[in-house]
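*Asks:* Going down the list, the sequences are from chains A and B.
Its first residue numbered 35, the first sequence is counted upward by one per residue in the numbering used here.
Its first residue numbered 3, the second sequence is counted upward by one per residue in the numbering used here.
Don't read these hints as lab results, they were simulated from the structure.
All residues carry an ideal CB built from backbone N, CA and C; glycine is no exception.
Computed, partial: chain A to chain B, Cβ under 8 Å: (1) Asn-56; (2) Glu-58; (3) Arg-74; (4) Lys-128.
One-sided excerpt, in silico: chain A residues whose CB lies under 7 Å from chain B: (5) Gly-49; (6) Val-76; (7) Met-77; (8) Glu-79.
According to the in silico footprint, chain B covers these stretches of chain A (three or more CB under 8 Å from chain B): (9) 37-47; (10) 59-69; (11) 113-127; (12) 220-231.
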Amino acid sequence: MKPKIAVFDFTCCEGCQLQILNCEQEMPDLVAALDIITFREVMTERSDHYDIAFIDGSCTTESEIARLKEIRQRAKMVIPIGACACLGGVNCFKNLHPMEDVLKAVYGQAAPYYDTIPARPIHAVIPIDFFIPGCPIVKEEFIRVVQEILAGKAPYLPNDPVCAECKMVGNVCVFDKGQTCLGPVTRGGCKATCVTGGAVCWGCRGLIDEPNINAEKEILEKAGLSIKDIVEEFSLFNACQEDVWK
Amino acid sequence: MEVSRIDINVHQLTRVEGHGNIIVKVSDGKVEEVRWEITESPRFFEVMLQGRRWKDVHVIASRICGICSVSHQLASLEATEAAFGIRPSEQTILLRKLLYVGEVIESHILHLYLLAAPDFLGAGSVFSLLDSPEHKDEVLRGLRLKKLGNDIMEMIGGRAVHPQAATVNGFGRLPSTEDLLYLQGRLRNALPELEAMVQLFKGFELPQFTRETEYIALKHPQEYAWIYGYISSTDTGLATLDQYLEVANEYCVPHSTAKFAKHARESYAVGALARINNNYEQLNPMAKMAADELGLKPLCCNPFMNNIAQVVETVHVVEEGIDLVEQLLRIGIQEEDIVVPVKAGRGIGAVEAPRGLLIHDYTYDENGYIVEANCVIPTNQNHANIQRDLEVLVPRYLDRGENELRLLCEMLVRSYDPCISCSTHMLRLELR
Numbered sequence: 035m036k037p038k039i040a041v042f043d044f045t046c047c048e049g050c051q052l053q054i055l056n057c058e059q060e061m062p063d064l065v066a067a068l069d070i071i072t073f074r075e076v077m078t079e080r081s082d083h084y085d086i087a088f089i090d091g092s093c094t095t096e097s098e099i100a101r102l103k104e105i106r107q108r109a110k111m112v113i114p115i116g117a118c119a120c121l122g123g124v125n126c127f128k129n130l131h132p133m134e135d136v137l138k139a140v141y142g143q144a145a146p147y148y149d150t151i152p153a154r155p156i157h158a159v160i161p162i163d164f165f166i167p168g169c170p171i172v173k174e175e176f177i178r179v180v181q182e183i184l185a186g187k188a189p190y191l192p193n194d195p196v197c198a199e200c201k202m203v204g205n206v207c208v209f210d211k212g213q214t215c216l217g218p219v220t221r222g223g224c225k226a227t228c229v230t231g232g233a234v235c236w237g238c239r240g241l242i243d244e245p246n247i248n249a250e251k252e253i254l255e256k257a258g259l260s261i262k263d264i265v266e267e268f269s270l271f272n273a274c275q276e277d278v279w280k
Numbered sequence: 003m004e005v006s007r008i009d010i011n012v013h014q015l016t017r018v019e020g021h022g023n024i025i026v027k028v029s030d031g032k033v034e035e036v037r038w039e040i041t042e043s044p045r046f047f048e049v050m051l052q053g054r055r056w057k058d059v060h061v062i063a064s065r066i067c068g069i070c071s072v073s074h075q076l077a078s079l080e081a082t083e084a085a086f087g088i089r090p091s092e093q094t095i096l097l098r099k100l101l102y103v104g105e106v107i108e109s110h111i112l113h114l115y116l117l118a119a120p121d122f123l124g125a126g127s128v129f130s131l132l133d134s135p136e137h138k139d140e141v142l143r144g145l146r147l148k149k150l151g152n153d154i155m156e157m158i159g160g161r162a163v164h165p166q167a168a169t170v171n172g173f174g175r176l177p178s179t180e181d182l183l184y185l186q187g188r189l190r191n192a193l194p195e196l197e198a199m200v201q202l203f204k205g206f207e208l209p210q211f212t213r214e215t216e217y218i219a220l221k222h223p224q225e226y227a228w229i230y231g232y233i234s235s236t237d238t239g240l241a242t243l244d245q246y247l248e249v250a251n252e253y254c255v256p257h258s259t260a261k262f263a264k265h266a267r268e269s270y271a272v273g274a275l276a277r278i279n280n281n282y283e284q285l286n287p288m289a290k291m292a293a294d295e296l297g298l299k300p301l302c303c304n305p306f307m308n309n310i311a312q313v314v315e316t317v318h319v320v321e322e323g324i325d326l327v328e329q330l331l332r333i334g335i336q337e338e339d340i341v342v343p344v345k346a347g348r349g350i351g352a353v354e355a356p357r358g359l360l361i362h363d364y365t366y367d368e369n370g371y372i373v374e375a376n377c378v379i380p381t382n383q384n385h386a387n388i389q390r391d392l393e394v395l396v397p398r399y400l401d402r403g404e405n406e407l408r409l410l411c412e413m414l415v416r417s418y419d420p421c422i423s424c425s426t427h428m429l430r431l432e433l434r
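Same shape as in the complex, but just chain A (with noise of 0.2 Å):
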């Protein structure tokens, strides 16, 4: 029998949902193989009977946790997909502002009248069964894990350093530019792609289990740079902390 696949929007861009959609090549071949039953986003059809929930997005609302339990119990895996939903993503930047200022700058008068508490990832809520990392998910990966659970195998998530693959690739180390990065504690699995693209590792995949995070630091240091720059070069996805929801 095919799985039956829901996929959620929760607080995000919803472009780890595109992600999904940008496999134009392959969709013939996910439909096929998926019951895709409920995705808010392309599909009127909707079935609260699912087996997988893949969920885009972080928790911000009180009515957003109370969503979330509810899927945790209709689902027997739930999959968060991308940097918001695995590590609460940009949107943590808010919880480094007092919440009544937040709405206050937006809303105005009207602030009161609005439901956000902390913004915070997935397994902050409810347990979760995998994670696929990222901003946005990479869409082979994102096709491999589907592969690998349709097999009854556990998925795979690579613990190498994003310093790794980038040295596979060919690139120039962007320290020996002068510039700083996040490859050397970040999850790798995205051939560096970011770094490949001209550009410098912002950790979106989060970090690698055990992370060398004081090795890091002292390079940035080494790189002249004050730790308002460090703080803020680990804090562009990782900002969230723990003690917001604890």
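Given the coordinates of chain A, assemble chain B onto it according to the supplied hints.
*Replies:* Using the frame of chain A, we list chain B on its own:
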């Protein structure tokens, strides 16, 4: 048919980007309530941009929207460059325009084939259309065109969603001549596919519904404006970018996390139809032929025709892409030094995102950190117009009964191709 009671409550409208509800209540044949309600979680991007360093600003701005990340990046880069007094090179501008062609193709095709077409083909989604022998080939054609847009963004920008190569005053990575020749072939090969797209949409029956309103878009003296221009209104003519706050008068609405906007009338529209209503004369030759074939002429006040305007614009940007590649091949891609003289100041960047006029306005301190940021998002400007359209549409089609009326309301909102998750982080409370 006499309809005395209608109760439409579309909770989280499907096949749009983001979360919105449609509520219609009719009792004793009288329309009591028509409401377009935005329930997206607020995202507060302007607050997030505060205190950020210029190098990271376009990277964060991109994350406002996954579907028009290039638009946000370019508006952001233009705002930063304007603040620092930077004028990018001809090569940078041509590459940005080509990157933009990719985004317009991808975004328009996503809307036309995946979000809008199922309504006209009596399906709930593109997935069921893929299962239907009758429509499968059309959908596959749409997916091929969509991939063309993504491949352009990958080749010029580094990837399709949140591309990395575009930076302040240049590109971190440049395409090779081979890349450009490859894209040239791909774009030329797409021309017959576009013809088939025009025929498909010509076959769709659109509601003959019109409501006069104001249409606002960028306008440029030499070209169909995408990434540079003045603000143009079908009611009031041209305005400069620094007058944008007078154009986009935003206001809070109860039960909506997005702000609404008005200008000369109680509402205005932005997007593909607004652009064609302002800039029809500058469409490329094949696009004009497509517009003729599809019966689209300015001034068109049928909001459902925004779908058709997107079809015409898709043809236009493929022609533009072919032209841009030729220009780039002619000047030859050169490595350029990327120099960024940081200084304090304010800069405004404006582009035509696929869904309409998008403005980023930044004020930097002398170290290149953002002191204040404001973004005007296309869909915010459309919310009030959608609301007014619904108010006129509902009484006019009351006799169709609840189910047909619900579908018409949904199709109307979808025609605007709303991008609601973008639209829920507006700043600027005191309207200047």
